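Asks: Residue-level listing of the chains:
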Amino acid sequence: MHREDDTMDAATALERAGELKATVRRRSRWMVRYQLAYGASTFVSVLLLGLFPNAAGFTISIAFWLAAVVLLSVYAQRQPVAHRGLGHSHAIMIGSWTLVYFAVLFPGVNWFRGDLAWWLPGSFAVAVPPLLMAYLTARRAARP
Amino acid sequence: MTHPRHGLDEVIHAPVRFSIMATLAAADKAEFGYVRDTVEVSDSVLSKQSATLEKAGYVKVSKGYVGKRPRTWLSLTADGRRAFEAHCAALRAIAEITPARDAS
Numbered sequence: 073m074h075r076e077d078d079t080m081d082a083a084t085a086l087e088r089a090g091e092l093k094a095t096v097r098r099r100s101r102w103m104v105r106y107q108l109a110y111g112a113s114t115f116v117s118v119l120l121l122g123l124f125p126n127a128a129g130f131t132i133s134i135a136f137w138l139a140a141v142v143l144l145s146v147y148a149q150r151q152p153v154a155h156r157g158l159g160h161s162h163a164i165m166i167g168s169w170t171l172v173y174f175a176v177l178f179p180g181v182n183w184f185r186g187d188l189a190w191w192l193p194g195s196f197a198v199a200v201p202p203l204l205m206a207y208l209t210a211r212r213a214a215r216p
Numbered sequence: 055m056t057h058p059r060h061g062l063d064e065v066i067h068a069p070v071r072f073s074i075m076a077t078l079a080a081a082d083k084a085e086f087g088y089v090r091d092t093v094e095v096s097d098s099v100l101s102k103q104s105a106t107l108e109k110a111g112y113v114k115v116s117k118g119y120v121g122k123r124p125r126t127w128l129s130l131t132a133d134g135r136r137a138f139e140a141h142c143a144a145l146r147a148i149a150e151i152t153p154a155r156d157a158s
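Going down the list, the sequences are from chains A and B. Using the working numbering, read the first sequence as starting at 73 and increasing by one per residue. Using the working numbering, read the second sequence as starting at 55 and increasing by one per residue.
There could be a bad hint or two in this list.
Stated by the list, open to error - For each label pair, taking beta carbons as the anchor points, the in silico distance ranges come out as:
no.: 1; chain 1: A; residue 1: Leu208; chain 2: B; residue 2: Ser129; range: 54 to 62 angstroms
no.: 2; chain 1: A; residue 1: Ala128; chain 2: B; residue 2: Asp97; range: 48 to 56 angstroms
no.: 3; chain 1: B; residue 1: Ser116; chain 2: A; residue 2: Asn126; range: 45 to 53 angstroms
no.: 4; chain 1: A; residue 1: Val181; chain 2: B; residue 2: Ser116; range: 40 to 48 angstroms
no.: 5; chain 1: A; residue 1: Gly90; chain 2: B; residue 2: Gly87; range: 41 to 49 angstroms
no.: 6; chain 1: A; residue 1: Leu177; chain 2: B; residue 2: Ala68; range: 49 to 57 angstroms
no.: 7; chain 1: B; residue 1: Ala68; chain 2: A; residue 2: Ala210; range: 29 to 37 angstroms
Said to hold, decoys possible - Calculated cross-link-like contacts (lysine to any residue; reagent style SDA-like; alpha-carbon spacing at most 25 angstroms):
no.: 8; chain 1: A; residue 1: Lys93; chain 2: B; residue 2: Val70
no.: 9; chain 1: B; residue 1: Lys114; chain 2: B; residue 2: Ala132
no.: 10; chain 1: A; residue 1: Lys93; chain 2: B; residue 2: Glu139
no.: 11; chain 1: B; residue 1: Lys117; chain 2: A; residue 2: Ala148
no.: 12; chain 1: B; residue 1: Lys114; chain 2: A; residue 2: His162
no.: 13; chain 1: B; residue 1: Lys83; chain 2: A; residue 2: Arg105
no.: 14; chain 1: B; residue 1: Lys102; chain 2: B; residue 2: Ala132
no.: 15; chain 1: B; residue 1: Lys109; chain 2: B; residue 2: Lys122
no.: 16; chain 1: A; residue 1: Lys93; chain 2: B; residue 2: Thr131
no.: 17; chain 1: A; residue 1: Lys93; chain 2: B; residue 2: Pro69
no.: 18; chain 1: B; residue 1: Lys117; chain 2: A; residue 2: Val146
no.: 19; chain 1: B; residue 1: Lys114; chain 2: B; residue 2: Arg90
no.: 20; chain 1: B; residue 1: Lys114; chain 2: A; residue 2: Arg105
no.: 21; chain 1: B; residue 1: Lys109; chain 2: B; residue 2: Val95
no.: 22; chain 1: B; residue 1: Lys83; chain 2: B; residue 2: Glu94
no.: 23; chain 1: B; residue 1: Lys83; chain 2: A; residue 2: Arg88
no.: 24; chain 1: B; residue 1: Lys83; chain 2: B; residue 2: Glu139
no.: 25; chain 1: B; residue 1: Lys117; chain 2: B; residue 2: Asp133
no.: 26; chain 1: B; residue 1: Lys122; chain 2: A; residue 2: Ala148
no.: 27; chain 1: B; residue 1: Lys83; chain 2: A; residue 2: Val181
Please keep in mind that the hints were generated in silico from the structure rather than gathered at the bench. Bear in mind the structure is a predicted one, so any value in this text is a computation, not a measurement. Glycine residues also receive a C-beta, built at the ideal position from the N, C-alpha and C atoms.
Build out the structure end to end from the sequences listed, making use of the hints.
Replies: Laid out in structure tokens, this is it:
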């Protein structure tokens with residue numbers, strides 16, 4: 073009798089743990105929106121910077137990017153839960169984004185100022201890390 | 055002494071504390087109000103049970119502000135995560151082994 077109670081308790085507890093895990097995953101979908109917005113913002117910012125290689129273009133691009141970063145930071149801070157591994161995946165996203173960002177900007181600013189053939193694919197490339205991470209986060213959140 | 059129930063953690067085994075641990079195990083961190091609503095308990099019950107888990111070294115409670123609003127965050131410590139995984143392993147062993155013994 074004792075063993076039957078144990079079995080029922082154990083199965084019920086494990087089922088409850090699974091439900092709670094799914095609930096946390098669902099509520100952590102805000103990170104997908106954050107990563108999509110980050111990707112879109114960085115695309116626009118880099119494109120503005122590359123296609124308008126003057127003081128006004130630089131100012132507009134930096135102002136746009138700073139506003140996006142502030143809004144995204146406030147949005148992230150207001151969320152009540154961060155799924156397991158979010159800090160790690162965010163660090164990977166920021167690290168890879170930084171590498172691509174400078175790989176596009178350094179040659180772009182020095183040799184391809186105003187050249188759409190460089191800056192359009194370059195802007196897409198810079199947006200890839202956050203967009204790829206958004207896809208992976210969405211896939212993870214959709215797991216049962 | 056070989057029954058897997060001996061592997062259960064007395065601190066975690068209580069239903070509310072188990073639910074708190076399960077919620078936090080799926081998260082890097084969670085806000086107090088979110089855990090309260092997810093586990094479906096009152097503020098006072100969550101405070102009491104999270105204090106017990108904190109005393110056991112399983113949960114870390116940190117306080118901060120979002121704008122002018124004070125916030126309390128809960129997260130599992132490394133010890134807490136290990137203890138919860140071991141507790142779940144014991145639960146799985148109980149769920150899997152006991153029917154086989156009954157059948158014999």
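Asks: Hints broken by the structure, by number, lowest first?
Replies: 1, 5, 15, 20 and 27
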